[in-house]
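Peer 1: For reference, the chains in residue letters:
There are 2 protein chains.
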Amino acid sequence: MQIVCLDLEGVLLPEIWIAVALKTGLKELERTTRDEPDYDKLMRYRLDILDREGIGIGEIREVIGTLDPLPGAVEFTEWLKSRAPLVILSDTFSQFAEPLMAKLGHPTLFCHELVLGGNGHISGYALRLEDQKKKAIKAFRELNFGTIAAGDSYNDLSMLQEADHGILFRPPEKMKTEYPNFPVTEDHEDLRKQIEKRLQ
Amino acid sequence: MQIVCLDLEGVLLPEIWIAVALKTGLKELERTTRDEPDYDKLMRYRLDILDREGIGIGEIREVIGTLDPLPGAVEFTEWLKSRAPLVILSDTFSQFAEPLMAKLGHPTLFCHELVLGGNGHISGYALRLEDQKKKAIKAFRELNFGTIAAGDSYNDLSMLQEADHGILFRPPEKMKTEYPNFPVTEDHEDLRKQIEKRLQ
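Those protein sequences? They're chains W and Z, same order as listed.
According to the working numbering, the stretch in the first sequence is residues -14 to 185, in order.
According to the working numbering, the stretch in the second sequence is residues -14 to 185, in order.
No wet-lab data here; the hints were simulated from the structure.
Each hint should be verified, as a subset may be incorrect.
As the list makes no split between identical chains, a pair holds if one copy fits it or if it spans any two.
Below are the DSS-like pairs computed for lysine-lysine, each with C-alpha atoms no more than 30 Å apart in a straight line [as the list claims (entries may be wrong)]:
hint, residue 1, residue 2
1, K178, K88
2, K178, K12
3, K88, K182
4, K26, K120
Note that the coordinates shown come from a computational prediction; the quantities given were computed from them, not determined experimentally.
Please model the complete structure; the sequences and the hints are all you need to start from.
Peer 2: This is the structure:
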């Protein structure tokens, strides 16, 4: 029996922080791990901006509620859930993802949580587990599942390497040349075919 | 962050073998682990009857396709998926469960598989893992989830004991007195309240 694990942002959903930056007009929020590789520094920077602008979880969720899953993602998720157990492995926060997860029919999501203070103030964040994507795949292997994983960027790498079958979805050019062993897919139809081929 | 694990038959779905017995008129298939505690013996007995009657996976799935989730189970599952990551832990077989899982919106299911020969003949079964329910809960704890589990019978016991919070759903009378520490729920509204109370 096989299980399929997917990254969330970039595979099924738009990049949430980028979308929030666009919708709020706060260009500073476009900064990503590519600009600031220290994740904790990046998150502090983002939360400081929200603080300064008086933006709480309510406003953020309102913005996120106006977003939609990537084109084709809803149908793809529907198909995948009917073919194999599906677990989404993401480093997003449950309170951010929720309005969009509803639009995907709430597939099972393993992620992290924001720490909320009074009045919807975002006071911090709690990583559930370091390198949780890789560790989840390892746990599923120990539960005697064959594992198929797909993701779009460097923070998916350890998950893709730990899985029996790793698949790249719209990765950066650099990643394609650095990791030529992973098949590269550019749309959901393509990803569907690559997963189907690996499902026994 | 917390995860919720549910047993399937008796909690969300009717007991599939009992339903198959009723629908096919084969009363011998009503035998359960209560009558024959040796699971392998019981499965051999069931598969021998199917063989004798010339019933393959196609016929069984047709019968199962006419069944429905327990009253209230669809709404309960919808609610639960919106509140927490949900994984169904069941000792059923994926090929049996599929037609009914579709009616539940395909929540993530960890179970076992039938071994199919030519022409839909059921030649055997493959347990993915011994005591998989308990081991899944243990794996989720190691992935730093708080764990809430609900089930209806003795084969859920090790799962309920391993979880941070175990809840009984319509258990046999004997089980209530033997395990008074688990709260007992008798319908999905009740189960919902007990889970909600334990979700942080």
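Peer 1: For this structure, which hints from the list above don't hold up?
Peer 2: Violated hint: only 2; rest satisfied.
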